Amino acid sequence: MMMVRCYVAKSRIEGLGVFTDEDIVAGQLVWQFSEMFDILVSNAALAEAPEHVREFYERYAYEVTSFPGHMALDGDDGRFMNHEDTPNLDFSTPGRAVAARDIARGEELTCDYNFLATSEFEMQPPKNKV
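Heads up: the sequence shown is residues 2 to 131, going by our numbering.
Read the hints as simulated data drawn from the structure, not as lab findings.
Warning: the hint list may mix true and false statements.
Claimed, not checked - Straight line, CA to CA, 25 Å or less: simulated DMTMM-like cross-link-like pairs of lysine to aspartate or glutamate:
| id | residue 1 | residue 2 |
| --- | --- | --- |
| 1 | Lys11 | Glu56 |
| 2 | Lys11 | Asp22 |
| 3 | Lys11 | Glu85 |
| 4 | Lys11 | Asp91 |
| 5 | Lys11 | Asp78 |
| 6 | Lys11 | Glu23 |
| 7 | Lys11 | Glu59 |
| 8 | Lys11 | Asp103 |
Claimed, not checked - Derived CB-CB ranges, DEER-like:
| id | residue 1 | residue 2 | range |
| --- | --- | --- | --- |
| 9 | Ala48 | Gly76 | 18 to 24 Å |
| 10 | Arg97 | Glu56 | 26 to 32 Å |
| 11 | Arg106 | Arg55 | 33 to 39 Å |
| 12 | Arg6 | Glu49 | 35 to 41 Å |
| 13 | Arg106 | Ala48 | 40 to 46 Å |
| 14 | His53 | Ser93 | 32 to 38 Å |
| 15 | Val54 | Arg102 | 32 to 38 Å |
| 16 | Pro69 | Arg6 | 31 to 37 Å |
| 17 | Ala27 | Tyr63 | 20 to 26 Å |
| 18 | Ser35 | Ser93 | 17 to 23 Å |
| 19 | Pro69 | Arg13 | 31 to 37 Å |
| 20 | Glu49 | Pro69 | 17 to 23 Å |
What you are looking at is a predicted structure, and each value in this text was computed from that prediction instead of being measured.
Just so it is clear, CB atoms sit at the ideal spot from N, CA and C, and this is done for glycine as well.
With the hints as constraints, model all of the structure from the sequences given.
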């Protein structure tokens, strides 16, 4: 769940991106896994879903190493976060992202997909796991 005001707009990186609607200071909490907005769905359940649902998950969901065989999907604008090799968000704390530096209002929020795919991005088992 995004912990700052944000909006979706055209991205210079890829299609749409999520942008901050407020100034963010280095170290500020920007995203946190929350059962209110974020869900985990098993690959088995996705395999039985209609093709358009599988395509949606392929585009917007991501694997979480602490829940093998599941995809995580952000239920808010966080799903539009794009990759940068030098992102402005730091996801090194399990289930949370903080600003890696000061981020000005109107800047696109980014993460490192490679880090998320290869790290032990651990979270507590959610109740809304499907």
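Right, here's what the structure says about each hint:
1. At roughly 21 Å between alpha-carbon atoms, lysine 11 and glutamate 56 fall within 25 Å of each other, so this suggested pair holds.
2. A distance of roughly 14 Å separates the Cα atoms of lysine 11 and aspartate 22; the hinted pair therefore holds under the 25 Å criterion.
3. Note on lysine 11 and glutamate 85: the hinted pairing holds, with a Cα-Cα distance of about 16 Å set against a maximum of 25 Å.
4. Distance restraint check for lysine 11 and aspartate 91: the Cα-Cα separation of roughly 22 Å lies within the 25 Å cut-off, and the hinted pair is therefore satisfied.
5. Taken as a hint, the lysine 11 and aspartate 78 pair is honoured in the structure, with Cα atoms around 13 Å apart against an allowance of 25 Å.
6. Straight-line distance between C-alpha atoms of lysine 11 and glutamate 23 comes to about 18 Å, which keeps the hinted pair within the 25 Å bound.
7. A C-alpha spacing of about 20 Å is found between lysine 11 and glutamate 59, which places the hinted pair at or below 25 Å, so the restraint holds.
8. A threshold of 25 Å between alpha carbons decides the hint, and for lysine 11 with aspartate 103 the separation of about 22 Å falls inside it, so the pair holds.
9. A hinted range of 18 to 24 Å for the beta carbons of alanine 48 and glycine 76 is consistent with their spacing of about 21 Å.
10. Range check, arginine 97 to glutamate 56: about 29 Å between beta-carbon atoms, so the 26 to 32 Å window is met.
11. In this structure the hint that arginine 106 and arginine 55 lie 33 to 39 Å apart at CB holds, the actual value being about 36 Å.
12. In this structure the hint that arginine 6 and glutamate 49 lie 35 to 41 Å apart at CB holds, the actual value being about 37 Å.
13. The hinted window of 40 to 46 Å between arginine 106 and alanine 48 holds, with their beta carbons roughly 42 Å apart.
14. Between histidine 53 and serine 93 the beta carbon distance is about 34 Å. The supplied range of 32 to 38 Å therefore holds.
15. In this structure the hint that valine 54 and arginine 102 lie 32 to 38 Å apart at CB holds, the actual value being about 37 Å.
16. Checked against the hint of 31 to 37 Å, the pair proline 69 and arginine 6 passes, with Cβ atoms roughly 34 Å apart.
17. The beta-carbon spacing between alanine 27 and tyrosine 63, approximately 25 Å, falls within the hinted interval of 20 to 26 Å.
18. As the Cβ distance of serine 35 to serine 93 is approximately 19 Å, the hint placing it in 17 to 23 Å holds.
19. Under the hint 31 to 37 Å, the C-beta atoms of proline 69 and arginine 13, about 34 Å apart, fit the expected range.
20. Between glutamate 49 and proline 69 the beta carbon distance is about 18 Å. The supplied range of 17 to 23 Å therefore holds.
Violation of the numbered hints given earlier is absent; every hint is satisfied by the structure.
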